[in-house]
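Undergrad: Sequence:
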Amino acid sequence: MATIKDVAKEAGVSIATTSRVINNAPNTSQTAIAAVQAAMKKLGYRPNANARALVSKSSNTIGVLVNDVSAPFFGTMVKAIDTIASEQEKQLLIGSGYHDANKERNAINLLINSRCESLVVHSKGLSDDELTTLAQEIPGMVIINRTVPAIADRCIALDNHRGAYLATDYLIRNGHRDIGYICSSHDIEDAHDRLAGYLDALRDNGIEPKDHFIEYGEPDECGGEQAMVNLIAKNTPITAVATYNDDMAAGCLALLQENGIRIPEEMSVIGFDDGHIARYIYPRLTTIRYPIQVMASEAVKLSLMLANNVPVERGEQKLFMPTLVRRASVCQRQ
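Residue numbers (the working numbering): 1396 to 1729.
Please note that the accuracy of each hint is not assured.
[What the hints assert, rightly or not] Pairwise CB distance ranges (calculated):
(1) S1409 with N1508: 18 to 24 Å
(2) M1716 with Q1483: 25 to 31 Å
(3) V1707 with Q1729: 52 to 58 Å
(4) A1545 with D1495: 21 to 27 Å
(5) N1455 with E1661: 51 to 57 Å
(6) E1484 with N1508: 20 to 26 Å
(7) N1419 with Y1677: 49 to 55 Å
For the record, the hints were derived by calculation from the structure and aren't laboratory data.
Ideal placement from N, C-alpha and C gives every residue a C-beta, glycine not left out.
Sequences are here, hints too, so could you generate the full structure?
TA: Put into structure tokens, the structure is as follows:
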């Protein structure tokens, strides 16, 4: 394990200078900063916690990176991880990345420097290459809800394309052909895959997709409401709408009801996730179940095994399948 003394020797500067660079102290020359940073990279040194400390049992902490800790979806994910952590007598440290590369990077570095033994990372901002480099450095790092080809055996993901295909195909089998789609405006693979699933289901059933049947918004209730406003304003002749997630579906339902449009008699709506909100809005939401609890449990178990050098059967990524949940917001078109 490299020490600050090793870094100072490699950089050709004093330990005091090395410490100033590490702690971003003022009055440090650019030459010294460059030399110390190069030495740290070469030696794999991290301030306060070399990455190898993740497997040293020097702490009982699991690091978790989510998009937004306040979002119900990620609350469910964290709860599932915490259940396993409690069984193992470990604690959680949680960071939010907000789908932003710099914020995700800073949060991961903080978790590493806090000597987390394992990491469960939900990242949409960092590149595949950077996540691969981190995974090579951090034995106990597992990626959830994303596929990174170079480290596929450390990825736990959902077939988002399949889920949106199921949702759209279910509407078609209920007699709907003019089907709108409310999509997340975030530039992430989940949004791309779900939109592609919607489009492929239409084409496979002989229905030509229409661009003006698709609206984008923030993946929350307000975004879903505004997207539905836009669809109504354009006077689209849709009889059903599929949505990126349950939160957007909830906003959509509220807007429709406020405008006197009966659900599902005049407009069928289907969500995605099967979160808590799907069970308690009216009418109860037909949706696609995202098994995030099971996925999160699998991810943290794998992370702990890897961090503790427990032999793991390596193979392809673990790809989970979504399922349809029939409730009351979709009906047969007359």
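Undergrad: Would you mind marking each hint as holding or not holding in the structure?
TA: Now the hints, each set against the structure:
{"no.": "1", "hint": "S1409 with N1508: 18 to 24 Å", "verdict": "holds (23 Å)"}
{"no.": "2", "hint": "M1716 with Q1483: 25 to 31 Å", "verdict": "holds (28 Å)"}
{"no.": "3", "hint": "V1707 with Q1729: 52 to 58 Å", "verdict": "holds (54 Å)"}
{"no.": "4", "hint": "A1545 with D1495: 21 to 27 Å", "verdict": "holds (22 Å)"}
{"no.": "5", "hint": "N1455 with E1661: 51 to 57 Å", "verdict": "holds (55 Å)"}
{"no.": "6", "hint": "E1484 with N1508: 20 to 26 Å", "verdict": "holds (22 Å)"}
{"no.": "7", "hint": "N1419 with Y1677: 49 to 55 Å", "verdict": "holds (54 Å)"}
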